[in-house]
Amino acid sequence: MPMSYFIGLSVVMFAMGILGVLLRRNPLVVFMSLELMFNSANLLFVAFSAYHQVLDGQLFVFFVMTTAAAEVAVGLALIVAIFKAKRTIDLDQMSSLKG
Amino acid sequence: MNFGIHPLLLVTFFPLVGVLVILFLKTQQKKAIRWTALATSLVTFGISLWVLAQFQPGTAGMQLELRVPWLRLDGLAIDFYLGVDGLSILMVLLTALLTPIAILSTWSAVEDRVKGFMVFFLLLEVGMTGVFLALDLVLFYVFWEFTLIPMYFLIGIWGGERRIYAAVKFFLFTMAGSLLMLLAILVIGFQTGTFAWSDLLEKRELFAAAQTWLFLAFGLAFAIKVPMFPLHTWLPDAHVEAPTAGSVILAGVLLKMGAYGFLRFNLPLFPDATVRFAPYMAILAIIGILYGAAVSLAQKDMKKLVAYSSVSHLGFVVLGTFALTTQSVSGSVLQMVNHGLSTGALFLIVGMLYERRHTREMSAFGGVWKVLPIMGALMLVVTLSSMGLPGLNGFVGEFTILLGTFGSKVLGSPWFAGVATLGVILAAVYLLVMFEKVFLGPVKVEANLALKDLNVREIITLVPLLILIFWIGLYPQPFFNLINPSVENLVSMVSSALLAAH
Amino acid sequence: MSLNEIASLHPFFQLAPLVVFLPVLGLLINLLVGKRLGEKGIGAVASLATGGAFAVAVLLAVGLAQVSEGGTLTLANWINLGDLDVNWSFRIDTLSVLMMLVVSGVGTLIHIYSIGYMHSDVRHNEDPGRFRRFFVYLNLFIAFMMVLVSSDNFLMLFVGWEGVGLCSYLLIGFWFEKGADGIGNARAAKKAFVVNRIGDFGLLIALFLLFYNFGTLNFTEIFAQAPAVAAAAPGAIMAITLFMLLGVTGKSAQLPLYVWLPDAMAGPTPVSALIHAATMVTAGVYLVARSQALYFEVPAAQNAVMWVGALTALFAATIAVGQYDIKKVLAYSTISQLGFMVAAVGMGATVAGMFHLTTHAFFKALLFLGAGSVILGVEHGHAHAHAGEHGHDSFDPQDMREMGGLRKRMPLTFIVYLIGALALAGIAPLAGFFSKDEILAAANEKSIGVYVLLTAAAFLTAFYMGRQLLMVFFGKPRSGASEKAAESPLLVTLPLVILALLSVFGGALNLPGSHLLETWLEHSLAETAPGQFVLTVALISIGIALLGLLLAWLVYGRKPIFEKGQPDPLRRPLNGLFKALENKWWVDEFYHTVIVRPYQSIAKFSAGAVDQGVIDGVVNGMGSLVQSGAKAWRRYQNGYVRSYALTIVFGVVLVITYLVLR
Amino acid sequence: MTQADFYSILPILTILLWALLLLLADLWIPKERKSMTALLAAIGLAVGVGLSLSQIGQTALTFKGMLMLDSFAVFLNIIYLVSGILAIALSYDYLKRMGIERGEYYVLMMFSIAGMMLLSQAYNLIVVFLAIEFLSIPLYIMAGFARPRLESEEAALKYFLLGTFSSGFLLYGIALIFGATKTIGLEGILASLNGGEANLVLFIAGAALMLVGFGFKVAVAPFHEWAPDVYQGSPTPASAFMAVSVKAAGFAVLLRIFLTAFPSLAQQLMPVVWGVAALTMVVGNVLAINQTNLKRLLAYSSIAHAGYLMMAFVSASNPNQTGQAVSSMLYYLVAYGLTTFGAWAVVVSLEQAEGKGLDLDDYAGVGQKYPWLGAAMLVFMLSLSGIPLTIGFWGKFFLFRTTVQAGFTGLALVGLLTSLISVYYYLRVVVYMFMRPGEPRVRRDSWLSLVVVGAALAVVLLSVLPSRLLEMAAQAVLRLQ
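Protein sequence lines correspond, in order, to chains A, U, W and D.
Going by numbering that gives the first Met the number 0, the letters in the first sequence line up with residues 0 to 98, in that order.
Going by numbering that gives the first Met the number 0, the letters in the second sequence line up with residues 0 to 501, in that order.
Going by numbering that gives the first Met the number 0, the letters in the third sequence line up with residues 0 to 661, in that order.
Going by numbering that gives the first Met the number 0, the letters in the fourth sequence line up with residues 0 to 480, in that order.
Hint data in this document are derived by calculation from the structure and do not stem from the laboratory.
Here the structure is a predicted model, which is why all the values come from computation and not from measurement.
For every residue, glycine included, the Cβ atom is placed at its ideal position computed from N, Cα and C.
Every clue listed holds true.
The calculated DSSO-like cross-link candidates involving lysine-lysine, where the alpha carbons are at most 30 Å apart (straight line), are:
(1) W:Lys177 with U:Lys443
(2) A:Lys83 with D:Lys95
(3) A:Lys97 with D:Lys95
Examples of chain W residues lying across from chain D (beta carbon under 10 Å, computed):
(4) Gly622
(5) Ala629
(6) Lys630
(7) Gln636
(8) Tyr643
(9) Ala644
(10) Ile655
(11) Val659
Please work from the sequences and hints to get the whole structure.
If you want it as structure tokens, here you go:
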């Protein structure tokens, strides 16, 4: 398969991730969208790694996966904390700071 | 005589000694604070006289130079560079003279937060003296900007009702100009590798190509400060709101910084642009003269009137500067002093009236000469000086400016001086109207009958100014002897550009 | 020349600076210790100072009689700036010394007169403290006048020129809380100063032109170069002389700037006599006489001066006919007579002009002082007639309609006044006849038009003086005040008598045949046309004068007039014309509408709409623009995470698009 | 791992280990003695400063080219460490006052600092990514540290979501660059670019996306919108820490990557950076003028200053000016950092519980009642607006000088005009403090006062003798190219 297919798929994934972030109000879904963005990058890494015959890219993916996990941990903790205080996790309710 | 410290360094920074002492005094010790401030400023005045004693009147170049490297880094050379010549010596003396007078005028006018007031006032003196002595562009800029801060506080804290608006307007206006000047300074520094005035004179070919823009950038900063029409609207607001002492210094010294800036930097550094822009500057100056005079006439508030009259008077100074003849430029320098003296005195007297009646509306007065004979007489002298009556200082300045402008080759037409001379008529109109509305006629307001005439302290504040008003008016030659060599040098420097242009 | 050099010419010459310094000394003494001297002391110091100046002037004249070329004494280097080199010098020549003599001579008499006059005036106006101030001003005036006439260059002349203007301002506004609405006097003073400044503007421009065409402001150097410069740049000389003329019209109250002088009568009467009749207002005449060398180069300018003078002479004379204020009549008469002088110097009849200047100083001072005496008498009478009454009424001690019959109550004043009036009317052999005749003779030769104008003016002069005499001194008293009027004290009348004598014999100065003044002045003046005496002219002039007096008697002398609001007898026959005269041809109103009002409107408009509206509006507008921009922009910072993310995406798209499309 | 490798990360390791040990030790420190933790953390950072100082003048490429130790990195490391110490001085009393005193706070801060230090030494895109995440995640937590307060939690969530979002772009950018150059080491990338083997389209797209990622961290427009909200919601000392350190770290990595690895790209990216810089200066300054909440105001001010720093980044695209641009940026960072810390310290001392005491109105009368505090704040405000006799003036002076010399006079003009706007709102603070009467309530704490006075003195004194610091900044650059 030509490289452009991989790039194309990855771009579509990335765009879907962005749209998810922009359109969804549930932070859990937004998390997933963010993961989608990360994974589109991962896809690119892996594809390029294979294409260029260098391992750096695949190596990178491991690191990305771990950091993503760490981020999700923090994020979920935040959501729990907010839910405890506010009884809602609607993102659009989180707009008291503005101007 | 030598105190082991360079005289210019001493005259610039001596007020800091007073600041230090005042900082250690308690807020409640108002008397001690006042006396310390007064004593400091008087000593500074003494030092300025000592500088004058060391000054060689016949020399055109810089004297008593002090030049220490301040910052040296790859391609960057900033000096701590002070020096005095005929253009600045009188400005330094004026600053040193007006400061104690202004301080004395606050004796009973400022009761609130005296400590801060005096600290700011002495800091202001440091800044102003520094501006007149600094010969490194960066150092000049530092002092230039530094003067803003104390003045800002003087207006903002001790001012009238709309003081905050006035203070901020003052600050922003001046900043607007000086930021562009900073840009120009950077460009010059980049193109020559130095900021020192004397080096720049030699290397001015290096930035000759950019002269137009540099001239405009410097010019804007100075024009705002002067202030030239139509950049003047900060001035009435600042004056009306400022405390008396602030107005005295503002009109007496701060405005001169702009006119001085033209003379010190614009003319010698950008001679071609100067010659090119001279007619436009002159036109603006003339508009300022006539416009300021007309607007003054319509004012109801005395301070505002005097403030607009400054626009008119400083118009003469700028006109003389850009006429670029020996007479007109010398006249401009002298007129700067004159304006400092007479407008300073006007503000002092207006302040004294204000202290007595807590209003500056002219309609609240009328006929007070009868009640206040001494003040009336002094006001008369000052008013006449301001309108340029022969025998008093204002005439000497205005006459030499107009005479020089009339034959100016740079402007190339006697019309400039001709139209500007109309300002002499208009000045008589608005000043006499003010004098009439306040001092002449019958006493109409009951409260004015009980006014007390000047006390000894108030007379002492005015007398030095009056002495100089008469001295310069009757025998100006000693002053011209100080100014003229440097001016001739400057004019010949710029005229060579004019010759080259033709 | 230094002090030693000038002393070697003639020892008296070194005294010249005293003509300025004595009055200055006098004013300083009065200023510093005057309070302790008392009125007598103050008056004595001031009079002595001026008298001393007169003595010095006499000595200078003596010196000049021997060394007729005179000399120039340089006191100090005043301004030396590039090419501009101006000294404070005293020019001692016959012209300047003549002026000094007139100024200090008449001045001394008026000083003495003022001691008595002001004594009662300050009491009448309820501020005795101002007695000292008056004499300080008066001495200051003498000093400035001396600077004016003794200068050897145009700049110092200008210093004196404006200085006397200042004194005029101060003295017109001497009772600054009096006059119409309490502010009338102050307004009059301001008007005088401002109008004079307009003239000074012209003089200043003339100075600039002189400097750039001659390279100096020194009289001697300029006059020496005049022909050469005139050949090279005739336009320049033309401009110089015409701008100078503007200065002259200001100071010497000629058309169109004469308007300040009638108002200047607000000053105390001695001031009107000294400044606004005898001396200051003649400065313009002196200037033209002094600059004769320049005027000779441009006949057109000469004509302009001549016509201005002649027109003024007639114009002012017409107005004088319609006035009721005793001093206003004299004021317009002064303008008219100044017109004669200006016309004379314009014709080149400089000697005649100076001659008339001198004699006019005598008889007009006499008339004013006499009028002052009348006013004092009437005020005195008013005080007696209304003794015990309180509150200020609208009584005007200067209104001739309230006078009448004073001949009997103030006989001495009447006699001297009569002499003055006849001298002014030009009745031979009084002083005015000779000097006026000389002018008319010159005019007759130069231009018939001017001659006619001046003769007509002379006729009117006789007429309004006759009118005044009749209204004031003849008939029956028309008010309680004039009924109770009393003769003035000796201190007031003594100077009157001296002036009366001078008015009688002043003509001797330049009698046809002797030409004393002419031989005196020819040392200073470039050309002096030999004085003419044309018999026909003289006869016509006397005839016309008598005719004028006769007509006055016909109108005002035969039956009682001004009984209870009755209008002026001329009102009916002249109708609208007389109304115009009464209202001074509405010139003041015209100026008010055309110049004062528009300027005030411009000022208001500039201060309001332009300054606060446009200029400050732009400044503040920029401020509020940023402010409102900030406010609007803040709405995009809406607190929604998704919107923030959208902005980021937006930025990304922008960046990528730019990079791709580039 | 060689000894050189070890030595090059010694300060980082120390901080990390110290932080871990502190996390443990904190368990035994009683709740009312948490100042102990603060002190220990500060000591740890001070040790880090000492170790970093010992690295001055050294240059070493370690870990097989993954890390770079040079004076640039050392200079920045010291900035992070010192700002950490200052932040602790600000936090110690603040946390107690707000009732959120927990030991983890300091530990998190130390982790974050370790991440920043790693970032400044990173010479490989993996390290860059990891370091960025490493410094960010603790900050997300710190932002939400005033936990029961909703504002704090909201700030944390916003920061977290948007931070991760921007990390996505960064990551994608890195992936593209990897695709374009076959490598993720900076040296390799440079070689590949110079060798002309790289796919330029991919590369430029990748670089742009990376720029977005970093742009978010330093809060330049249009990636700035999180900053005001987060700075306002977070505990104030944490905001101060973010405003200074994160900004410095972001700029450090920007310089490092874009100047070391992508110099040939500078010309192509320059217009973008130009636009970003101008937009940032405008947005930051204009939006600040109506703010009444001091924290928010300072947040916008920090955005504006990011714009100024971007200016240096623009200038650096001129190869003749790169060195000067970098040194002036470093100088500006120091000037800005010092001043900003001072200003935030003043904010801390006026802040009351429940987010009170942050409004401009609460500052009325400070100048009169607490003249020294007022004077200090005055100095900070003047310094932030770039008025002479403050270090901020020199910062702007050098920055504008570089910009002018690099030929970007137009940008300098934008900078000057916007700094005129900035004068307005900085002065507004001064107006409230000195020209309006009021009864301000000020918290006195010796550490806080020390920071305020020390910063004020430094701001003024360093301006009188500006050379030394500038020389240091200049030396820090030498190894960069």
